[in-house]
Amino acid sequence: MGALASARIGVVTFPGTLDDRDAARAVRLAGGEPVSLWHGDADLHGVDAVVLPGGFSYGDYLRAGAISRFAPVMDVLVDAAKGGLPLLGICNGFQVLTESHLLPGSMIKNDHLHFACREQVLTVENAETAWTRDYTRGQRITIPLKNQDGQFVADERTLDELEGEGRVVFRYADANPNGSRRDIAGVTNARGNVVGLMPHPEHAVEAGFGPASEAGPRAGTDGLGFFTSVLGALVSA
Amino acid sequence: MGRVVVEVMPKPEILDPQGKAVVRQLPRLGFTQFTSARQGKRFELEVEGDVTDEVLAAAREAAETLLSNPIIEDVVRVADISDVDAEVPA
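The listed protein sequences correspond, in order, to chains A and B. My numbering puts the first sequence at residues 1 to 237. My numbering puts the second sequence at residues 1001 to 1090.
These aren't lab readings, by the way, just hints derived from the structure by calculation. Treat each hint with caution, since some may be false.
As the list claims (entries may be wrong) - Here are the simulated SDA-like cross-link-like pairs (lysine to any residue), alpha carbons at most 25 Å apart as the crow flies:
hint, chain 1, residue 1, chain 2, residue 2
1, B, Lys1011, B, Val1075
2, B, Lys1020, A, His112
3, B, Lys1011, A, Leu44
To be verified - Some chain B residues well away from chain A (every beta-carbon gap over 12 Å; in silico):
hint, residue
4, Glu1007
5, Leu1026
6, Arg1028
7, Ser1036
8, Glu1044
9, Glu1046
10, Asp1050
11, Thr1052
12, Ala1058
13, Ile1072
All of these numbers come straight from a predicted model, not from anything done at the bench. We put the CB at the ideal spot given by N, CA and C, even for glycine.
Put together the whole structure using the sequences plus the hints.
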């Protein structure tokens, strides 16, 4: 068995998580082994990387991601991420990462106040993180976006820092769907092992079930690169 | 039984989408005098005994760690509810 096939990627389920099964499926389609992790279990069970999937953990009560941040699994996950464990937060998972202060900024309600659900074009700004190394800088990818609290905000100094250090990983292309500062769709930490974004790569991993692409309706698989990237990063680590 | 009031508001520099929606609706109901609205949160934390300095200190800590996110919100008040009620004219 090769290193790729033996990579175990944890997918955390909180009460109210919706996209854990899709995330696990994306891991499997990329060639990894998904491992279910439970919010109440302070144990990562030896996984090589972790995905915090989307949904509405704790009903978004208080603030999106605010209650989940204090789940037992997060204590061990925050330490592991600070030690270099690859960690991807998608949508609600991204909100959990900002509430945990693993990533800067925060998400507030979309500027137009509506739930947004669309196939979103992104520009890859940083193709050197653990989760984006299979993309190229400047590449345009299309993956679904679906959220109510998706407006990325941070103070100007933080935004300048993020830009200066190349830590903006994705920007919304063509149109900004929610008022996010500087069109930012996803960011990373200084080390590049922790990435968070609002759109959903795990919904664009298999032809027939993804967004429209040049290959035809629902043929888009632009999200698969996140999961192949991390498998590659683990092999070369 | 005592009660502590914690009030949290969006930071001034953060646009408040909910407040904007509220202020847009007001003139349609004839309230043309309000030029801006901001929407925050009020929490009421109950304790068994009186609201002591220790209780207020704990409430302040809870306000900074869980009840607000310092990136987007400010804690604008942590106080004994009887002091808050006393401000309201009869």
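Are the Cα atoms of lysine 1011(B) and leucine 44(A) separated by 25 Å or less?
36 Å, violated
Evaluate the condition: distance from the CB of glutamate 1007(B) to the nearest CB of chain A exceeds 12 Å.
14 Å, holds
Would you assess whether leucine 1026(B), listed as outside the interface, keeps its beta-carbon beyond 12 Å of every beta-carbon in chain A?
Label holds. Min Cβ-Cβ 16 Å, cutoff 12 Å.
Find the nearest Cβ of chain A to the Cβ of glutamate 1046(B) and say whether that gap is larger than 12 Å.
With a cut-off of 12 Å, glutamate 1046(B) remains clear of chain A, as the shortest Cβ separation is near 17 Å.
Measuring Cβ to Cβ, find out whether aspartate 1050(B) lies farther than 12 Å from everything in chain A.
Non-interface label stands for aspartate 1050(B): nearest chain A Cβ at 27 Å, farther than 12 Å.
Closest CB-CB distance from glutamate 1044(B) to chain A, is it above 12 Å?
The claim holds: glutamate 1044(B) sits with its nearest Cβ about 14 Å from chain A, beyond 12 Å.
Please check whether the beta-carbon of isoleucine 1072(B) is more than 12 Å away from every beta-carbon in chain A.
5 Å, violated
Hey, is threonine 1052(B) genuinely clear of chain A, shortest beta carbon separation above 12 Å?
Answer for threonine 1052(B): holds, closest chain A Cβ roughly 25 Å.
Can you confirm whether the C-alpha distance between lysine 1020(B) and histidine 112(A) stays at or below 25 Å?
At roughly 10 Å apart (the allowed maximum being 25 Å), histidine 112(A) and lysine 1020(B) satisfy the hint.
Closest CB of chain A to the CB of alanine 1058(B) still more than 12 Å away:
16 Å, holds
Confirm or reject the statement that serine 1036(B) sits farther than 12 Å, beta carbon to beta carbon, from all of chain A.
About 16 Å separates serine 1036(B) from the closest Cβ of chain A, which puts it past 12 Å; holds.
Status of the stated non-contact between arginine 1028(B) and chain A (beta carbon gap over 12 Å):
16 Å, holds
When each numbered hint is compared with the structure, violations occur for hints 3, 13.
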